[in-house]
Amino acid sequence: MRRRVVITGMGTVNPLGHDVPGTWKAMLACRGGFGPIRQFDAATFPTTFAAEVRDYDLARHVADADRHRHAGHQCRFALGAACEAWRHSGLEDFAGLDRSRVGIYLGSGEGSLDFWNFTSTIVDSWAGGKVDTVRWAALARRRMSLWREVEQESNMVVAHLAAQFGVRGPAFNVLTACAASTQALGEAALQVRRGDADVIISGGAHSMIHPYGVTGFNRLTALSVRNDSIDTASRPFDLTRDGFVLGEGASVLILEAREHALARGASILAEIIGYGASADAFRITDQDPDGAGAAASMRAALADAGVAPGDIDYISAHGTGTQQNDQVETKAVKTVFGELAAKVPISSVKSMVGHLIAAAGATELITCVLAIRDQVLPPTIHYATPDPDCDLDYIPNAPRKAKVEVCMSNSFGFGGQNNTLIVTR
Amino acid sequence: MGERAVAITGLGVVSPAGIGVDALWEMLLSGGSAVRRIGLFDASGFPCSVGGQIEGFSARSFLPKSYRKAVKVMMRDIEIAMAAADLAFRDAGIVTRAAEGERMSIDATRLGCNIGAGLISPDLDEMGVALTTALDEEGRFSLARWGAGGMNNLTPLWLLKYLPNMLSCHVTIVHGAEGPSNCITCGDASGHLSIGEAARYVAENRADAAIAGSAESKLNPMGLLRQGLLLDRLRTAGPDDPAAWCRPFDADHAGTVIGEGGGLVVLEALDRAAGRGAKVYAELAGAGAACDPGGIDVTKANAGSIDLAVRRAMDSAGVGPEDIDLVVAHGTGVPEEDRREAAAWRAALGAAADRVPVVAVTGAVGSLYAGAGGPELAVAAKAIREQVIPRSVNFARPADGCELNVSTKARAASIRHAVTGAFTVGGQSGACVLRRCET
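Which chain is which? The protein sequence lines are A and B, in order.
In terms of our numbering, the first sequence opens at residue 1 and continues consecutively.
In terms of our numbering, the second sequence opens at residue 1 and continues consecutively.
Looking at chain A on its own, in the form it has when it is part of the complex (with noise of 0.2 Å):
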């Protein structure tokens, strides 16, 4: 037997907005959330901004906050997200609820180290060459903390949100690098499809925004380093970007089986039709160049959908906004969309809110998913130089009234990862 899964709440917090209405009004009005990264000094960094959550205050998203006093900081951002997406589904107020019936299936990032206290203790034990691992021990013992270390752990925010709802349901959080969120919706979906669960919160949270999140990124060089035009650097498809945008955030849905949401008489928002999953077998360092594997994900959404290429009338792109990502993805939906390639509306909408890693498939479902209900697509912007090798429609520079039935959403992760979701009304 296979249930139908409908979405029937969502939450997010983001640099946009700390609400879905919020940020989807941003992005409607062609919004960005960048600026210079203000959680660290990175003014000597190649990169000194962000897109950074701003002015968030946990305890206007959640009741019993203080039971959170602990929640590491991509944490926070998944409890808000969370809450907000419940009491959207009408679940907060379901008295019939069977909570061993609710599961999690996250893609949460990796907490950040412990940025001063772990490389000061390094610096201090450092002798000859390496570190006196008996010395260390003694500083970390007095300058490290039990929660700062175990918060890291990626799920500690499946533990938050199974307390936060009292739920016993199945519990998973993946973390396959950019696609996790992506990657959870789907696995989530399959869940419920066969009947795991007839709940599941599902989505993701991160932040990289931090010393050793933006070294990496920018040992990698994918990061934009645009820093004399920060509000016009997230430039995916465009010929003149440079790297994407390093955001953070989280972006939860409520996913529930049909039967279910309807025995409740819940407002059902979408439905989850198709779930790819594929891996490029390539390289950990690059794309495959010819975007196979990103066109088995979209292929194996579309078969499990049972819809054509013709059928879809959005895709959501993962359109990082660097040189190769965007490349690849584009001659990936030439595989897949052949002819039609050049009809269908694509847009990142990182050019806004940045590249949210962990949590950027998730918060692209959910601009799908109001893409259907408003019948409007979010744009593409700082769109202003065509790139030969990027030549399909992006909707550039300005959010496009139309006729929006069924939407695909895709996310690649580093290491070659590919997912595909596709929603429809």
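List of simulated lysine-lysine pairs, DSS-like, C-alpha gap at most 30 Å:
#	chain 1	residue 1	chain 2	residue 2
1	A	Lys401	A	Lys334
2	A	Lys403	A	Lys343
3	A	Lys25	A	Lys403
4	A	Lys403	A	Lys334
5	A	Lys130	B	Lys69
6	B	Lys72	A	Lys130
If you are wondering where the hints come from, they were derived from the structure by calculation, not from laboratory data.
Got chain A sorted already, so can you dock chain B onto it with the hints?
Same frame as chain A, but now just chain B:
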């Protein structure tokens, strides 16, 4: 579990007992333990300085020649997974892309991968070499100097050494696995959850075979800090011989010890395996998962509602407690965790808990954390294949509150169904049911 039966056709285990599942199996038969004084680095500054380490290990000999230089971007967790993958595919008799110059014996797009991983510990020496190039005049670390150039003393691919999905990614690249690929990060439950998810790839016809399991090494200063000094889960004193320190469910249990290792298994459609005459260890008949809202408080022991995970696994296999002939438990040796786990097994199995033999692998190799699930499932598979119940190492008499039938000696037995499960700090759990393959 799905439209197709799933067979386990290959086992690859890397553990302190040695390289290969047989090394671990032999140790469980003999009742020995690989736990000793830590020799990989000077651990004398930590309250716990014993552990289970893999001696003289490098992934190089498990990689095709063209890929060997990539070990420099592999943390030990990744190296363990690479060795386990090579062992598992060879054991299964499946020719992958790793056999350079040979044709793969499986369609690459129908080969999936799902490998659980932990929070990969930073290498302090690697960090120190770079960090100490960014000191100010007074010898203190300067973030400004780091940003302005100090960071360039880290290898460009530094970040990729620490991404948990790199276990899966390197495995998919080396072996040419282009099907669904995932990485589950739920601590000690990661292996069981990964294998359960990968079994569904095959059962639901998204793949014909998959490599799945988990690997981790916390046997490093960060691991000892987090697990010992901060979480207080490690044993800090005991007999002169560290081999006796880790004692799951035993009256003298007094904390766990850190081990390192992992295990990957090849899951394959049973009809495909039968068609090529493959050796089948067992059928992967069911899988389940659960969580406990109490997991948020890591200062209190928690077994992640593993009773629910076990029941769900039995349900999906279509069996009940009366059908179970062996339990491979998680058995950390942390007293309150042992008690909660024992109570959970009793809740899941009911009266059958008095009868069913229980084995914990941890006494022999230490806690493998995210790496635990693969070896635990491999032991269950091996037990079914051999029709032998191994020993639960370092168990002599039951601790209060641990009323389980823990195995005290290896013996031949009729084993039709085995169930194995694990739980993690944070409150998630996973379980799998294995069935003897009659064909």
